[in-house]
Amino acid sequence: MSQTHFGFSTVDESEKATKVRGVFDSVASKYDLMNDLMSAGLHRAWKAYTVQVANLKPGERVLDIAGGTGDLSRAFARKVGESGVVVHTDINEAMLRQGRDRLLDEGLILPTSLADAEKLPFKSESFDLVSVAFGLRNMTHKDLALAEMCRVLKPGGRLLVLEFSRIAEPLRKPYDWYSFNILPKLGSLFAGDAESYKYLAESIRMHPDQATLKAMMKTAGFGHVDVHNLSAGIVALHAGIKC
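Residue numbers for the sequence shown follow my numbering, beginning at 28 and rising by one.
Just so you know, these hints were derived from the structure itself, not from any lab.
Here a beta-carbon is modelled for each residue, glycine too, at the ideal position from N, C-alpha and C.
Treat the hints with care, since some could be wrong.
Claimed, not checked - Each computed DSS-like pair below joins lysine-lysine, with the alpha-carbon atoms no more than 27 Å apart: (1) K46 - K181; (2) K43 - K225; (3) K84 - K245.
Unchecked claim - Here are the in silico distance ranges between beta carbons for each label pair: (4) N208 - M233: 14 to 22 Å; (5) S140 - K181: 29 to 37 Å; (6) H32 - K146: 30 to 38 Å; (7) S215 - N82: 21 to 29 Å; (8) S215 - P148: 33 to 41 Å; (9) S41 - S215: 23 to 31 Å.
Please construct the entire structure, taking both the sequences and the accompanying hints into account.
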């Protein structure tokens, strides 16, 4: 049986999805609070920048993969208006419920789907934009997921991948110290779960760097890919166009 990484550990491919699901089942109720604490609120600026780059127009169709608690789905829905569609998806039911309930509390009723990015349940050439924020690194077969995202996009459609990436070299040591010493403690104090945030730090290091992910997107069918480094490369926004 093929093996893959789960953080720094090696597991059978068939086990990874279950392990990732366990992480997000554990943190779902505290996900938004922890995002604010871990990034000092910067995740809001990263997502706002993503919405700007998306440059959505009224009436467009959007697929939000690994949409979690719905930050991007909400912002996209405002841009496409009543004539557009935003489909809010996640592979994790606990996260999807958190997002759906939060969107409903704000008066937004969006199509919601429990969906595996490696086997998307949507017709080819269905969407103008696909986004995935902080979800790609948890996928077992990233190449298959990227190919599926390309498949469901219309010709000329855009893929936005917002993900932790490779920080600039001068900041690497302090960033590593923060990631492996402070993040688990924050997880323990505020979410009652240090191990899930230890996994978070490890999964970031195992994720492809900016150049590698750009090459993967081109292989998946995106003819042009721009890379936007944010906060010195703590995260990067990869923007691909399906040709």
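>> Quick check on a hinted range of 14 to 22 Å for N208 and M233, using CB atoms only.
In response: holds, 19 Å
>> If I claimed the Cβ atoms of S140 and K181 lie 29 to 37 Å apart, would that claim hold in this structure?
In response: violated, 19 Å
> Is the gap between the beta carbons of H32 and K146 within 30 to 38 Å?
Replying inline: violated, 21 Å
>> Assuming the hint says 21 to 29 Å, is it satisfied by the Cβ distance from S215 to N82 or not?
In response: The hint (21 to 29 Å, Cβ to Cβ) is violated, given that S215 and N82 are roughly 40 Å apart.
> Does the Cβ distance between S215 and P148 fall inside 33 to 41 Å?
Replying inline: Once the Cβ atoms are compared, 37 Å apart, the range 33 to 41 Å for P148 and S215 holds.
> Holds or violated: are the alpha carbons of K46 and K181 at most 27 Å from each other?
Replying inline: violated, 33 Å
>> Range first: 23 to 31 Å. Now tell me if the beta carbons of S41 and S215 are that far apart.
In response: holds, 30 Å
> Holds or violated: are the alpha carbons of K43 and K225 at most 27 Å from each other?
Replying inline: Holds, at about 16 Å.
> Going straight from one Cα to the other, do K84 and K245 come out at no more than 27 Å?
Replying inline: Given pair K84, K245 holds - Cα atoms ~25 Å apart, limit 27 Å.
Violated hints, in rising order: 1, 5, 6, 7; the structure is consistent with all others.
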